[in-house]
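Colleague: Just so you know, the sequences run in chain order S and F.
For the first sequence, counting from 1, position 54 maps to 54 in the numbering used here; every step adds exactly one.
When you read off a place in the second sequence, starting at 1, and then add 157, the result is the number in the numbering used here.
A few of these clues could be false.
Said to hold, decoys possible - Listed below are the simulated DSS-like cross-link pairs for lysine-lysine, each with C-alpha atoms no more than 30 Å apart in a straight line: (1) S:22 x F:631; (2) F:467 x S:7; (3) F:631 x S:15; (4) S:39 x F:467; (5) S:20 x F:341; (6) S:55 x F:635; (7) F:635 x S:20; (8) F:328 x S:55; (9) F:635 x S:22; (10) S:48 x F:341; (11) S:47 x F:328; (12) F:331 x S:22; (13) S:39 x F:328; (14) F:450 x S:47; (15) F:450 x S:55; (16) F:331 x S:55; (17) F:331 x S:71; (18) S:47 x F:495; (19) S:20 x F:328; (20) F:341 x S:7; (21) S:39 x F:631; (22) S:55 x F:467; (23) F:467 x S:48; (24) S:145 x S:73; (25) S:77 x F:331; (26) S:20 x F:467; (27) F:521 x S:48; (28) F:635 x S:33; (29) F:631 x S:48.
Hint data in this document are derived by calculation from the structure and do not stem from the laboratory.
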Amino acid sequence: MENVEQKFVDSVLEKYDCDKAKIIAIMQDIQEKYRYLPKEALEYVAKKVGMSESKLYGVATFYGNFSLDAKGKYVMKVCRGTACHVRKSSNILQALYEATGTDEHNPTSTDGLFTLEIVSCLGACGLSPVVMVNDTVHAAMTPDKAKALVEQLRGEA
Amino acid sequence: MAEKKMIIDDIECTFTNERNVLEVARNNGIDIPSLCYCENLSIYGGCRLCLVENERGAMDAACSMQPRNGMVVHTHTQKVLDSRRMTLQLLMSSHRAECLTCDQSGNCKLQEYAHRYNVSEPRFEENTYTRLPLDVSSPCITRDPSKCILCGLCVRMCSEVQNIGAIDFTKRGKRAVVAPGFGKMLSETGCVGCGQCAAVCPTGAITINRQITEMWKMLNDPNKKLVVQFAPSVRVGLAEQFGMPADEPVTGKLVTALRRLGAEVVYDTNLSADLTILEEAAEFFEKVKNGDKLPMFTSCCPGWIQHAEKAHPNIVPQISTAGSPMEMLGALIRQQFKDEDVYSVAIMPCTAKKFEAQRPELVKDGKRLIDLVLTTDELGKLIKAAGIDFKNLPDSEPDDPLGDWTGAGVIFGVTGGVTEAVIRHVLNSAAPDTLQTIAECGVRGLEGIKAFSVTAGDLTLKIAVANGLGNADKLIEKVESGEEYFDFIEVMACPNGCIGGGGQPPASNARKRERMEAIFKEDEACELRIPSQNPAMKYVYDELLKGRAHELLHIHYPLHGHH
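Bound-form chain S, shown alone (with noise of 0.2 Å):
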C-alpha cells in the first residue's frame, strides 16, 4: 500500500474488531485521516473483514459523503440552496473555480489544495452566501472575499 499506512489502516479495524456491520465507521475513520477513501485501503479493508470488494465499493459509492478520489487540503462547499441562491452564490462559485484553477469535471485543484463541492444547503440561510472551508462557516460572501480568502488560504499553506 503505497499512499497508505497499514498501521493506521490496522488500528482502525482492531477499533470496531473487524466487523463488516461497522464497515461505515471503518470507512469514515480512514477517510477522516486521508480526506478521501484510498483503493487500496479499501482492498486492504475488505479482505480483512471478509466482504467482497464489489461490495464494498457499492457502499463507498451509495453514499455521497465518502468519496474515492483525492481531495484538496481545503475542501471548500459552495452553498447552492436557495436562499444562498437568491443572493448571488452562482457569481460566488464562478470566482473559486477561476481563483483556484478549477471546474465543474475537475473539482480539485492541480496543486492539491483546492476542492471544490457544491451542496444544497448548509442550514445557515441566514448568514447567506455561505462558504464553509473545511470545519470553518465564511458568511455573507461576495466574488471579492471569496477571491481574498483563496489567496490567504494559499499563503498559510
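Given chain S, put chain F in place with the hints provided.
Modeller: For chain F alone, coordinates are given in the frame of chain S:
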C-alpha cells in the same frame, strides 16, 4: 406439515411450506411475472412485477408475501395490470432494446413480459440507459450494463451461491450499475467464468461468449478435419431446446446431428471420463502410499480450479493433476490423427471450459489440445440454424476406435458422479448389488455438501462432495480448521454439477432433477458400468499413449508446484 389453503384468483390453492405467495401461485398453475426472483436465492422484492392485490385493494409483492391460511389475492385485476404495464414501461425506458440482434432475444424475460402485458408503445423516452462500455475481459461471459435492469439476480448468485462477489450494485440512483469494484474488469476479479450469473440474468446484460461463427467457418472448411467431442451432461441439456422431455437422454440423436452439421469424427467425452478415473484413482493411491497431504481434490471442473487458484492457492497442490475429460480426449485426438490437420471442438455444458481450453498448460507437443469450446446452448442454436429436425433424427454411435464408454463416464455430468465412478473403480466389481450399494452410500443427490465413508478391503475412505463454490468454501474451511477430515473431495463449481452448468439452457430445480434422472437412466442402460471394463482403454494406453500417459494426460498448473 399440514396442508393449508389460500384463494388466488378465486381458485383454492393448497400449500405447505412454500416461502412466498409467488411460489404458491406457480405451484398451483398460476404464473405471476417476476424479474428479480429465483427459487435458489434470497428474496429481493425489487422489480415490482409480481404485485398482487388483496381483498382490501392494497397491492404488495407476491415474492415478499408470506402465504397464510385463508389469504385471498388477485393476480390480474385492472389495478395490477396497470401497475405491471407501468413498471415494464419504466424498465424499458432505461434498457437498450436491440431485440433483433440481442443474444438473449427469445429467452429475454423483459421481452416476454412486454409482449404478454401488451406494452405496445414506449411511454417514456428511451434514452436513459447507461452508456458504459461492454466488459469483454472474460473469455467466458460479456457484461453489457446498458441492458441491465438492476434486478440483482447475478449479484446474489455470485455472492450467495458462489461466494465470490465479483460484481455488486455500485453508485446510486440513476447512476446505479452492477459492476466489479473500483472500475475493474471481470478478469481482474475473483470471477471464474462459471456463467451462473448469465443463467439467471433475465435480459441480455450478461451473456455467454458465443463462438458459433468460428464453428461455421470450420464446418465449411474442406481442409480441416473436424473432430467433435461432447460432454456427459450435454445429452441431458439439449433435449428441452427442441421441446423434448428433459428426463430422457438424447445421445444417439446428438451424434447424428453433429455428423449432419459436418463433423467428420464424433467422440463421446464419456470415454475420457473413464480414463480420468483410472488416472485419478492411481494418483490417489500413490498419494496414500507416499503419505502425501490429503484430501485429494478432483480436477475436472475448470471453474473450481480457477477458484482454488484465486481463493485457496495453498490447496492447489492437493488438487489432482489428472486432466479434465475434455483435456484428455483432446490429447487422445491429437495422437489418433497425428499427421492430419485436425480442428478439435468440444461441446460442453460449461462456460469456464472456454477459459480452460485457452490455458497455456493445455498445449502438448506444441499444439492446443482443444481448438474451440461450444456450450450446449450454442450447439442447440447451430442445429436450428442448419435446419435439422432434431426431434425426428435417427440414432447413431460415436466413431471407432475411441467410441466406447461405460456408465461410470456418463455420471460425471451430475454432482457426486466423479466420486461414484471412483468408488466403482476402487471396489472394481460389476456385481449389481455392489453397484446398488455404491449408489446408496450417500454419494447421490443434489444436496450442496455430502459426506460419507466407503470401505474397500481394509481401507476406509472419508469422502465429501460439494457443488457450488460457496459450498466448496464451507467444506474447505472445515478441513483447514481441522474440524473435519476427508481423504477425497469432489468439487463442481455449478449448483448440481454439470447438469446445471452455465452453458446449459437455464433450468428450474425441477428441470435439473429431471436431467439428473436422465443421467442415471443412461448409466443404467449401459452394459459396462465400471471404468476398467472399457474395451477402448487397452488401445488408448498401448497404441496412443505408448508410455506417455502422465505427460499427455496430466496438467500441472503453476500453483501445483514441482513434483
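Colleague: It remains to establish, for every hint, whether it holds in the given structure.
Modeller: Comparing the hints with the structure gives:
no., hint, result
1, S:22 x F:631, "24 Å, holds"
2, F:467 x S:7, "26 Å, holds"
3, F:631 x S:15, "28 Å, holds"
4, S:39 x F:467, "20 Å, holds"
5, S:20 x F:341, "22 Å, holds"
6, S:55 x F:635, "25 Å, holds"
7, F:635 x S:20, "22 Å, holds"
8, F:328 x S:55, "11 Å, holds"
9, F:635 x S:22, "26 Å, holds"
10, S:48 x F:341, "20 Å, holds"
11, S:47 x F:328, "21 Å, holds"
12, F:331 x S:22, "27 Å, holds"
13, S:39 x F:328, "15 Å, holds"
14, F:450 x S:47, "27 Å, holds"
15, F:450 x S:55, "35 Å, violated"
16, F:331 x S:55, "18 Å, holds"
17, F:331 x S:71, "25 Å, holds"
18, S:47 x F:495, "49 Å, violated"
19, S:20 x F:328, "19 Å, holds"
20, F:341 x S:7, "26 Å, holds"
21, S:39 x F:631, "29 Å, holds"
22, S:55 x F:467, "18 Å, holds"
23, F:467 x S:48, "16 Å, holds"
24, S:145 x S:73, "20 Å, holds"
25, S:77 x F:331, "24 Å, holds"
26, S:20 x F:467, "22 Å, holds"
27, F:521 x S:48, "41 Å, violated"
28, F:635 x S:33, "38 Å, violated"
29, F:631 x S:48, "18 Å, holds"
When each numbered hint is compared with the structure, violations occur for hints 15, 18, 27, 28.
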